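Protein chains: 2
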Amino acid sequence: MQQGKQSIRFERTPRILEAASVVGEKEGQGPLAAEFDEIENDPMFGTENWEAAESALQKRAAERVLEKAGVVRTQVRYLFAGDLLGQLIATSFGTVDLEIPVLGLYGACSTMGEAMGLAASFIDSENADYTLALASSHFASAEKQFRFPLEYGNQRPYSATWTVTGCGAVVLGKQGGIAKITGMTPGKIVDMGYKDSMNMGAAMAPAAADTILRNFQDFERRPEDYDQVITGDLGTIGTEIMINFLRNKGYDIAGRHMDCGIAIFDADRQDTHAGGSGCGCSAVTFCAHILPKIRAGQWKRVLFVPTGALLSSTSFNEGNSIPGIAHGVVVEAVK
Amino acid sequence: MQQGKQSIRFERTPRILEAASVVGEKEGQGPLAAEFDEIENDPMFGTENWEAAESALQKRAAERVLEKAGVVRTQVRYLFAGDLLGQLIATSFGTVDLEIPVLGLYGACSTMGEAMGLAASFIDSENADYTLALASSHFASAEKQFRFPLEYGNQRPYSATWTVTGCGAVVLGKQGGIAKITGMTPGKIVDMGYKDSMNMGAAMAPAAADTILRNFQDFERRPEDYDQVITGDLGTIGTEIMINFLRNKGYDIAGRHMDCGIAIFDADRQDTHAGGSGCGCSAVTFCAHILPKIRAGQWKRVLFVPTGALLSSTSFNEGNSIPGIAHGVVVEAVK
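Just so you know, the protein sequences line up as chains F and W, in that order. Under the working numbering, read the first sequence as residues 5 to 339, first letter to last. Under the working numbering, read the second sequence as residues 5 to 339, first letter to last.
In case anyone wonders, no lab produced these hints; they're calculated from the structure. Fair warning: this is a prediction, and the values are worked out from it, not measured in the lab. Don't take each hint at face value.
Said to hold, decoys possible - Dumping the calculated BS3-like pairs for lysine-lysine here, alpha-carbon to alpha-carbon at most 27 angstroms:
no., chain 1, residue 1, chain 2, residue 2
1, F, LYS148, W, LYS199
2, F, LYS72, W, LYS9
3, W, LYS148, F, LYS199
4, F, LYS148, W, LYS9
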């Protein structure tokens, strides 16, 4: 423990044993297409509605990662999981068949950071041999939940993001593995009074900057101590705000920053505007694209900071602001 | 850690330093009236809508418990919190001013068990000096979210429960205090295919029984090793199912069981039918009624098992079942 600080250093360095990513058709046509474990072209995932489709996505990612890790579900002590839907129904129905005790989490699109951090903390404290962390989103279930019926065909401003259809899952254990989690920086809710739900990158940017700043301060690190600082789904507009904010605080991460929302789609070709978003965005980009670079030793240490915009259609319609939150996780190469 | 088991024993026995409960008018007219810290007769809590009212409830409970514990908010390392509303908006807007890093949780009405267990685990692992756990519900925000407009005045079957307006909060620390948390049993999602949203006690009973059973097995305890086994909001119907289920497994808890949903209202006089429910139900009953008995030494060890029904209006309208979940926490007298 680090007295008076926001971050935790994991002394026993929980390991990521394996990761799996399952995505939809659009993600499978993007720049990371070759890196995902599974691309499903049926947006319904063989089910009858969007919510069940997202549950199927979770189930498939969970089964895939356990298979890749050679871990059976009865060995997994706890599951840390969440999604964007009200009352986490994608998670409830997606993970029930696993029969693993589940800690349901909600951090909007920052959920994968929260899940990985908590899952790692249970390994670090020797309260579990294996834990599973996952987060999902589905374009259509999110549009239905937060925006307009798909049939309405609403115009999207260029500041809007496109919710990723995808689920990323990691199995953590005590030794071996392909990467280690050496710390976490749970984030504060930051509310700057921002109200434009079609520009969530701007709403989340202050929270992302706050968590990154606290991580640097708590661990006494500079940007160059990380090979990459990776945000979840700030998109093009939020990224610029976040980088400027940190620059004003004396930290320049411009040369070593990537945003999962920008990486996952080719915005011009795929018409995704400011980038991808959703819990699944950072989760699948981490599993498919980031982790392999750490495993290969190309990146020795990264700060992974999924970002969340805390709103519901109710709070938005009542005229409330959109607070942001961002949970950071430090991931390092094993060797 | 206990290999292959579902429960965790906290070796460093995190302490509950203080607890606070804030409730609405109806709860303040019930059997526990004299035990709550604050009773607010304005259902809007001075705000403009039900969601903001619930946020105000959270804020007031958090401030009250910190004041009672003599802990300032900057000393609190992490907040574990949740509510019933979509995207946890009661929590986002209710806790933002605390500026404490927050881990958002969703376990339906089992959330206080999840929050207390995780908050205790961070003390036990020496990753925090102080943590805060809270959960809330509000009758009107829940009716709006899950059921009918209040103005519609729908008929409630006798199996239905009444959502408690209340927030319970505890501050945990490493020493001293009024009780200790010695273990947790995170629950599995249990889906028996039950579909009646006006009888959630029955939907949750199997999950409650499963968590209690696992707790007994993992810690090698019998019912008589607990002064009380306390469920969250099974109500009269769910309680009977749960007790029979455990009896069939060889454990008779009938003489030492209480349900917060039954305790919080006088069902006949207050027209609350099967009992109280909501995250706030078990949270305020724990803080106001259970903890003082432990503090006074009347109860030496209790198993506190908040219970949750995992549904949304979407999943219900799509014809889905209502899976249950229950998270158990072992609370013991300090002396």
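LYS148(W) and LYS199(F) were given as a pair; does the straight-line alpha-carbon distance stay at or below 27 angstroms? The given pair, whose Cα atoms are some 23 angstroms apart, holds under the 27 angstroms limit.
Between LYS72(F) and LYS9(W), is the straight-line Cα distance small enough, at 27 angstroms or below? With a Cα-Cα distance of about 24 angstroms, the restraint between LYS72(F) and LYS9(W) holds, given a limit of 27 angstroms.
Pair hint outcome, LYS148(F) versus LYS9(W) [Cα-Cα no greater than 27 angstroms]: violated, 39 angstroms
Regarding the pair LYS148(F) and LYS199(W), is the alpha-carbon distance no greater than 27 angstroms? This hinted pair holds, its Cα atoms lying about 23 angstroms apart.
Checked against the numbered hints given earlier, the structure breaks only hint 4 and satisfies all the rest.
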